[in-house]
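Number of protein chains: 2
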Amino acid sequence: MTQFMDVHTGMKGITADQLSEAHRADLAIEAEEGVHFKSAWADPDSGVVYCLSEAPSAEAVQRIHERAGHPATEIHPVPLTV
Amino acid sequence: MTQFMDVHTGMKGITADQLSEAHRADLAIEAEEGVHFKSAWADPDSGVVYCLSEAPSAEAVQRIHERAGHPATEIHPVPLTV
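From first to last, the protein sequence lines stand for chains C and X.
If you want the working numbering, it's the 1-based position in the first sequence plus 406.
If you want the working numbering, it's the 1-based position in the second sequence plus 406.
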């Protein structure tokens, strides 16, 4: 398992409830791809959302995000953490 | 205090030791601006580093990163977390 940070853009005006609902939609199906979404951080003004996960691949992360209705703009493996 | 996610680019080939040293350099002076750097995640292949902090402003975050020798490419307030 590798950690991934993915970035969503175009989410201007996202609310706390919408972020929670998007996260819940990911969690509901993440196990089907062996993914676990750990945390997400949103900037409603610029519409950027960062999402941290553990997953077998970036493609697995994207498949869950796509099925949940919010495909990522970019996904990076982040094997180094401090 | 607000949470911020900042992004550094151009760090291709960064090692675990270099990430730790960069984080230590931030921690050593962060209190002078009322900033606290919480965590950072690095992708050595693409050279992107994500850095999560609590701070009074984006400018305060940048001042610490600049003085520590690694200015951020972009800094976003992320008031929403899940």
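Treat the hints as calculated values from the structure; they're not laboratory data.
A portion of the hints provided could be inaccurate.
Copies of one chain are not kept apart here, so a pair can be met inside one copy or by any two copies together.
Derived lysine to aspartate or glutamate pairs resembling EDC-like cross-links, with alpha carbons at most 20 Å apart [stated by the list, open to error]:
(1) Lys418 <-> Glu438
(2) Lys418 <-> Glu480
(3) Lys418 <-> Glu439
(4) Lys444 <-> Glu460
Bear in mind the structure is a predicted one, so any value in this text is a computation, not a measurement.
Structure-based check of all given hints:
no.: 1; hint: Lys418 <-> Glu438; verdict: neither (29 Å within a copy, 33 Å between copies)
no.: 2; hint: Lys418 <-> Glu480; verdict: both (17 Å within a copy, 17 Å between copies)
no.: 3; hint: Lys418 <-> Glu439; verdict: neither (28 Å within a copy, 29 Å between copies)
no.: 4; hint: Lys444 <-> Glu460; verdict: both (7 Å within a copy, 19 Å between copies)
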